[in-house]
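S.K.: For reference, the chains in residue letters:
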Amino acid sequence: MRHIVRLGALLAIAVLTPAGAAHRVLAQYPLTDKYAEQWRLPDRLNEISGLALSPDGRLFAVADERAIIYELDYDEGRIIKAFAFGDSPQRGDFEGIAVLRDRIYLVTSDGDIYAGAEGADGEGVSFESFRTAIGARCEIEGLAQLPDEDSLLLACKRIPRGSDLRRLHIFTWSATAKELQADSIELPERDILRKLQVDRINPSGITMDPRSGNLLIVAARQRALVELSRDGQLIDARNLPTGNRHRQAEGIEIGADGRLLIADEGGNHKARLAVYVPGEQ
Amino acid sequence: MRRSANLMIPLTLITFYYAFWTGVLAVLLLRYPVLRDFFPIGGIGDLAGRNTDSFEPVYSTLDDTVLAPYGALRLAFASVGAAILIIPVSWVYFITSRTKEVDQSFVQTIVIMPIVVTGISMIVLNSLALAFSLAGIVAAVRFRFSLDQPSHAMYIFAAISIGLGSGIGALGVAMVISMAFVFANLVIWKLEYGKVLSGPFFSMLTRRDRTEDDY
Numbered sequence: 001m002r003h004i005v006r007l008g009a010l011l012a013i014a015v016l017t018p019a020g021a022a023h024r025v026l027a028q029y030p031l032t033d034k035y036a037e038q039w040r041l042p043d044r045l046n047e048i049s050g051l052a053l054s055p056d057g058r059l060f061a062v063a064d065e066r067a068i069i070y071e072l073d074y075d076e077g078r079i080i081k082a083f084a085f086g087d088s089p090q091r092g093d094f095e096g097i098a099v100l101r102d103r104i105y106l107v108t109s110d111g112d113i114y115a116g117a118e119g120a121d122g123e124g125v126s127f128e129s130f131r132t133a134i135g136a137r138c139e140i141e142g143l144a145q146l147p148d149e150d151s152l153l154l155a156c157k158r159i160p161r162g163s164d165l166r167r168l169h170i171f172t173w174s175a176t177a178k179e180l181q182a183d184s185i186e187l188p189e190r191d192i193l194r195k196l197q198v199d200r201i202n203p204s205g206i207t208m209d210p211r212s213g214n215l216l217i218v219a220a221r222q223r224a225l226v227e228l229s230r231d232g233q234l235i236d237a238r239n240l241p242t243g244n245r246h247r248q249a250e251g252i253e254i255g256a257d258g259r260l261l262i263a264d265e266g267g268n269h270k271a272r273l274a275v276y277v278p279g280e281q
Numbered sequence: 001m002r003r004s005a006n007l008m009i010p011l012t013l014i015t016f017y018y019a020f021w022t023g024v025l026a027v028l029l030l031r032y033p034v035l036r037d038f039f040p041i042g043g044i045g046d047l048a049g050r051n052t053d054s055f056e057p058v059y060s061t062l063d064d065t066v067l068a069p070y071g072a073l074r075l076a077f078a079s080v081g082a083a084i085l086i087i088p089v090s091w092v093y094f095i096t097s098r099t100k101e102v103d104q105s106f107v108q109t110i111v112i113m114p115i116v117v118t119g120i121s122m123i124v125l126n127s128l129a130l131a132f133s134l135a136g137i138v139a140a141v142r143f144r145f146s147l148d149q150p151s152h153a154m155y156i157f158a159a160i161s162i163g164l165g166s167g168i169g170a171l172g173v174a175m176v177i178s179m180a181f182v183f184a185n186l187v188i189w190k191l192e193y194g195k196v197l198s199g200p201f202f203s204m205l206t207r208r209d210r211t212e213d214d215y
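Chains A and B are the protein sequences, given in the same order. For what it's worth, the numbering used here labels the leading residue of the first sequence as 1, then goes sequentially. For what it's worth, the numbering used here labels the leading residue of the second sequence as 1, then goes sequentially.
This is chain A alone, in the form it adopts within the complex (with noise of 0.2 Å):
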């Protein structure tokens, strides 16, 4: 059944992108119940901050102040199984995660970046860690992977007091050189705000579509969901639907099959995990 739902997404993708808009991502889903999954997840994910595929598709997620990563299963719906970075879990502001090549990397809003190996269920596994600084300059909310380029993307949700930097940022840190590239991204603040009607924007997660090479930014405030090419032009935004679907969307991701998934802090209730997938708008 799951294999019929997969190939559905694919040939729905392939259908329904019109020649010369294949580029657009986020107009491939209605975000409508119709199209729409989703899950309440167990409590000890009730502050999950990130989301992120690995490169043979499974689903891994991290929940605030501890490193914790936990392996899930998105179409049966379960946990199936979490591992630590230290025998005893370090402690930190964790907003982001992602997998690059057989490596997990998490983020803390400071903008250390934590890396480590995949671990078995229950293991605490060991880790190295990498200070870039940047907390002082931005506030960082999200990470995602750019397998092509052996690096990760930091989103930065806000910037604090003090700081050198005039906008909004999704800064590279390299992988290999193991540290923050001088180029980074500059959000297009005021084409989004035009856009949405919003008065600010404050990235939440970050992800990038694995078949266009576009950005994917989710924002828990403003419950909205932004596109960008690579090279940081706005091709599109959007809200989230309204409702309780979305109260704190702070993590997103986009599998090779199309499948959107955005998962949701629970704050006072449990936190969610919803999975989009395209369609007809």
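Note that these hints are calculated values from the structure, not bench results. Glycine residues also receive a C-beta, built at the ideal position from the N, C-alpha and C atoms. Check the hints yourself; a few may be wrong.
What the hints assert, rightly or not - Simulated DEER-style distance windows between Cβ atoms:
1) A/Thr242 with B/Trp91: 36 to 46 Å
2) B/Ala72 with A/His269: 32 to 42 Å
3) A/Glu76 with B/Ala72: 49 to 59 Å
To be verified - No farther apart than 25 Å at their CA atoms in a straight line, the calculated lysine to aspartate or glutamate pairs in the DMTMM-like style are these:
4) A/Lys34 with A/Asp231
5) A/Lys34 with B/Glu56
6) A/Lys178 with A/Asp112
7) A/Lys270 with B/Glu56
8) A/Lys81 with A/Asp257
9) A/Lys270 with B/Asp53
10) A/Lys81 with B/Asp37
11) A/Lys178 with A/Asp64
12) B/Lys190 with B/Asp148
13) A/Lys81 with B/Asp53
14) A/Lys34 with B/Asp37
15) A/Lys178 with A/Asp87
16) A/Lys178 with A/Asp102
17) A/Lys270 with A/Asp43
18) A/Lys178 with A/Asp191
Assemble the complex: chain A is given as a structure, and chain B must be docked to it using the hints.
M.R.: Same frame as chain A, now just chain B:
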């Protein structure tokens, strides 16, 4: 309850009844594996496997249940299953009934009830809104009737449980409920449990004198 008689014959018949239908189902599934998609036979494994690491669907996509192409067929099989499982419950009522003439209306009610509950539960499955609607409708209909005996209430509960189990696609669970109810009832009836408080164990338990008739 009427005075207990030999339990062997009813117990054998009922056990044979459950074994017969289990066998029919097994043969059908072995010969036609495609029927597995239409038979709501799951349940026990799902309930046992559900733990704190399982996600909970936020809302049921009705497309996957009643509006699915095979939804009506699945409901039909579930209703037949519910009817099959409630029949032994009605037999137990006949066997253990205190009076010679049983209440026909009551018997018909407990036989039909799980079939109705099966349909209702499949419609309201995982939908809070639909469940509230159902509560409103029931309140509006003012479905009330008085039961002659307190023991009748447990037959009603058994009928509802079997209907719910069948309706959520867990005929396995419904079967366990049916069998547990039937066999427990028969054993309690056979033992005439609670009829007298004589004997050394009950004297020790209740601290009553054997010669004492009443407090």
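S.K.: Decide, hint by hint, whether the structure agrees.
M.R.: To see whether the hints hold, each was checked on the structure:
no.: 1; hint: A/Thr242 with B/Trp91: 36 to 46 Å; verdict: violated (54 Å)
no.: 2; hint: B/Ala72 with A/His269: 32 to 42 Å; verdict: holds (35 Å)
no.: 3; hint: A/Glu76 with B/Ala72: 49 to 59 Å; verdict: violated (26 Å)
no.: 4; hint: A/Lys34 with A/Asp231; verdict: violated (33 Å)
no.: 5; hint: A/Lys34 with B/Glu56; verdict: holds (18 Å)
no.: 6; hint: A/Lys178 with A/Asp112; verdict: holds (12 Å)
no.: 7; hint: A/Lys270 with B/Glu56; verdict: holds (10 Å)
no.: 8; hint: A/Lys81 with A/Asp257; verdict: holds (23 Å)
no.: 9; hint: A/Lys270 with B/Asp53; verdict: holds (13 Å)
no.: 10; hint: A/Lys81 with B/Asp37; verdict: violated (29 Å)
no.: 11; hint: A/Lys178 with A/Asp64; verdict: holds (24 Å)
no.: 12; hint: B/Lys190 with B/Asp148; verdict: holds (22 Å)
no.: 13; hint: A/Lys81 with B/Asp53; verdict: holds (9 Å)
no.: 14; hint: A/Lys34 with B/Asp37; verdict: holds (22 Å)
no.: 15; hint: A/Lys178 with A/Asp87; verdict: holds (24 Å)
no.: 16; hint: A/Lys178 with A/Asp102; verdict: holds (16 Å)
no.: 17; hint: A/Lys270 with A/Asp43; verdict: holds (6 Å)
no.: 18; hint: A/Lys178 with A/Asp191; verdict: violated (33 Å)
The structure does not agree with the numbered hints 1, 3, 4, 10 and 18 stated previously, though it agrees with the rest.
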